[in-house]
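*Asks:* Build out the structure end to end from the sequences listed, making use of the hints.
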Amino acid sequence: MPFALSPERERELAEILTRYPNKMAACIPALHLCQEQHGYIDDDVVAWVSFRLDLPPAHVKGVVTFYTLFNQHKVGKHQVWVCRTLPCALRGAGEMLSYCEKKLGIHAGETTPDGKITLRTAECLASCGTAPMMQVDKDYYENLTPADVDKILERLQRS
Amino acid sequence: MLKQTNYLTKVYGLPEGWSLATYEREAKGYQAARKVLTTMSPADVVNEAKKANIRGRGGAGFPMGVKWSFMRPHPTKPAYLVINADEGEPGTHKDRTLMEQNPHACIEGCIIGCYAIGAHVAYIYVRDELHLSKARLWGAIHEAKAKGYLGKNPFGKDYPVDVVVHTGAGAYICGEETSLLNSLEGKRGEPRLKPPFPAQAGAFGCPTTVNNLETIAAVPTAFTLGCEEFSKLSSIHHLNDGGVRLFGVNGHVKKPGVYECCVGITLRELIYDLGGGVLDDKPLYAVIPGGSSTPVLRAEDLVHAPDEKSPLHAWHGQSVLDVPLGVDTFRNMGTMLGTCCATVMAEGTDPIAAFHNLMQFYRHESCGQCTPCREGSGWLLRIAEKLLAGTCSMDELNQLHDVANGIMGNTICAFGEGTAMPALGFLKKFRKEFEAYVRGERRGEDARLTVSAWGA
Numbered sequence: 001m002p003f004a005l006s007p008e009r010e011r012e013l014a015e016i017l018t019r020y021p022n023k024m025a026a027c028i029p030a031l032h033l034c035q036e037q038h039g040y041i042d043d044d045v046v047a048w049v050s051f052r053l054d055l056p057p058a059h060v061k062g063v064v065t066f067y068t069l070f071n072q073h074k075v076g077k078h079q080v081w082v083c084r085t086l087p088c089a090l091r092g093a094g095e096m097l098s099y100c101e102k103k104l105g106i107h108a109g110e111t112t113p114d115g116k117i118t119l120r121t122a123e124c125l126a127s128c129g130t131a132p133m134m135q136v137d138k139d140y141y142e143n144l145t146p147a148d149v150d151k152i153l154e155r156l157q158r159s
Numbered sequence: 001m002l003k004q005t006n007y008l009t010k011v012y013g014l015p016e017g018w019s020l021a022t023y024e025r026e027a028k029g030y031q032a033a034r035k036v037l038t039t040m041s042p043a044d045v046v047n048e049a050k051k052a053n054i055r056g057r058g059g060a061g062f063p064m065g066v067k068w069s070f071m072r073p074h075p076t077k078p079a080y081l082v083i084n085a086d087e088g089e090p091g092t093h094k095d096r097t098l099m100e101q102n103p104h105a106c107i108e109g110c111i112i113g114c115y116a117i118g119a120h121v122a123y124i125y126v127r128d129e130l131h132l133s134k135a136r137l138w139g140a141i142h143e144a145k146a147k148g149y150l151g152k153n154p155f156g157k158d159y160p161v162d163v164v165v166h167t168g169a170g171a172y173i174c175g176e177e178t179s180l181l182n183s184l185e186g187k188r189g190e191p192r193l194k195p196p197f198p199a200q201a202g203a204f205g206c207p208t209t210v211n212n213l214e215t216i217a218a219v220p221t222a223f224t225l226g227c228e229e230f231s232k233l234s235s236i237h238h239l240n241d242g243g244v245r246l247f248g249v250n251g252h253v254k255k256p257g258v259y260e261c262c263v264g265i266t267l268r269e270l271i272y273d274l275g276g277g278v279l280d281d282k283p284l285y286a287v288i289p290g291g292s293s294t295p296v297l298r299a300e301d302l303v304h305a306p307d308e309k310s311p312l313h314a315w316h317g318q319s320v321l322d323v324p325l326g327v328d329t330f331r332n333m334g335t336m337l338g339t340c341c342a343t344v345m346a347e348g349t350d351p352i353a354a355f356h357n358l359m360q361f362y363r364h365e366s367c368g369q370c371t372p373c374r375e376g377s378g379w380l381l382r383i384a385e386k387l388l389a390g391t392c393s394m395d396e397l398n399q400l401h402d403v404a405n406g407i408m409g410n411t412i413c414a415f416g417e418g419t420a421m422p423a424l425g426f427l428k429k430f431r432k433e434f435e436a437y438v439r440g441e442r443r444g445e446d447a448r449l450t451v452s453a454w455g456a
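Chains as they are written, first to last, in the working numbering: chain A, 1 to 159; chain B, 1 to 456.
These are computed hints drawn from the structure, not numbers from a lab. C-beta atoms are modelled at their ideal positions from N, C-alpha and C, and glycine is treated no differently. Careful, some of the hints might be misleading.
Here are the computed distance ranges between Cβ atoms for each label pair [what the hints assert, rightly or not]:
id : chain 1 : residue 1 : chain 2 : residue 2 : range
1  : A       : Asp139    : B       : Leu14     : 46 to 54 angstroms
2  : A       : Pro146    : B       : Arg448    : 17 to 25 angstroms
3  : B       : Gln200    : A       : Lys23     : 46 to 54 angstroms
4  : A       : Asp54     : B       : Lys255    : 50 to 58 angstroms
5  : B       : Gly368    : A       : His38     : 22 to 30 angstroms
*Replies:* Next comes the structure, spelled out in structure tokens:
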């Protein structure tokens, strides 16, 4: 079935459109809404956004491929980003990433076989004063120890 | 001179510290905006703002009041205020604390800023990852609207002001102002050629001022105290670097965090007095003063400024750790103040591993628009990888210099310099260590970034 936003999200998009002088400006917010609903952006979603906002599909596709947070493929139920950049690395982010990889049995960039967790690295998440840290879906977890990581990952595995 | 203050941070950590009630009760919230809108003309606001000597807090250090004065009314087009809260420079963690813990200062700053430059809408561009920041800003906007501080008649004045939070989708380059504008317009975040500058043709082709989030959040404090008084809080007010700002410290220190102080504190004070000193009381090795794009300093570096006209002359022969953190002082030292958030490295940190880590960042974040940056950042990373793998020749090491210089000045935006400057900085300060890798005296498998085991 071709993609369409749910009525609730469609209302949200209508409100978002009032914030800008043209429809194109709603392109990124609209894609976020679609991804929230669909999990990733495939060609059906691109077609729908381009139709809804009167934009060429190539424009929408160009935007999707530019920004790292738009998933172009299916991802796990939960997404875990470990910040790997220098300030976090100085506080053990490298060790923490290896620990996560070992615990989940996957490498960064992969999804667990049960489809629950996608593990990825992130570039600086503006949390340098509370390193090392990870983002799990929409939440930040900071000043992490191995025990904290155990708790977080086990909760995600059970969910 | 270390002088901690709490103009912006007073509400940090208070129960519901981000609420309008707390902001008004504890921090004289919205009194500055009320005074400005009801008693001053926009031209007066700009002139007064210049006296505050607020140097842009996003890294470039451009004087805020001067930037505001570039805005001219357009016969047909509206004007916009755009706030850059795409905080993503490695080592920078100050704006997030403001959005999460004092969002009303950001909104009040937007009201004053809009009025000063003739805009009726302010867009705050927040990176998408900062979900709590976005929620707190929207919460503050709704509270301010309900109180009549935002909307058709803020404080009874017939001057509509609206504030909108807009989000990106994970691209460091969108912190570059013209790239941010493209992203705001719903396009790929590729930087634009300047001129035209945003003040002539910015968001949606209209006159636009782009200010950093901390810059705009400092505005209410400046107008509450009086802009000249605000500027004089700084011990380097005479260098047109005024007021108070947020100083961050991270990496190998005992108490990493964000601290509000009068401008003019030194790196030594930031690391030892505020940061609690180096982890495990190890000797200090190196500091990146203000975000990863600012060239690194070694602990034993001394100031060389024999010229009496140099703003640094007063510190000639002294340690770089004892120079006040200021836009012009640090620029004259061959580095930059940047975002004023220092990344500290203790003795035992491998500088080539640090260099490699940063080159991975720049390679990943180059937008790919300009060839020197797209190809050069990859080249720099490959040299770093070869160094760590023990396969880099002396010729290739020398190429590092040429490649970095080939990026500098040859790209549309400053990302090119932001990549090349730290690369050249590391090479200059750690030439011996780089060569030790070429000669096989140091090996990648021994290279460490941590000074103690994670979690220990």
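*Asks:* Evaluate each hint against the coordinates.
*Replies:* Hints, verified against the model:
1. Against the hinted window of 46 to 54 angstroms, the Cβ-Cβ separation of Asp139 (chain A) and Leu14 (chain B) comes to about 22 angstroms, which falls outside the hint.
2. For the hinted restraint 17 to 25 angstroms between Pro146 (chain A) and Arg448 (chain B), the CB-CB distance of approximately 18 angstroms keeps it satisfied.
3. With their beta carbons about 25 angstroms apart, Gln200 (chain B) and Lys23 (chain A) fall outside the hinted range of 46 to 54 angstroms.
4. Distance hint check: the CB atoms of Asp54 (chain A) and Lys255 (chain B) are about 53 angstroms apart, consistent with the given range 50 to 58 angstroms.
5. Between Gly368 (chain B) and His38 (chain A) the CB atoms are about 27 angstroms apart, so this pair conforms to the stated range of 22 to 30 angstroms.
The structure does not agree with the numbered hints 1 and 3 stated previously, though it agrees with the rest.
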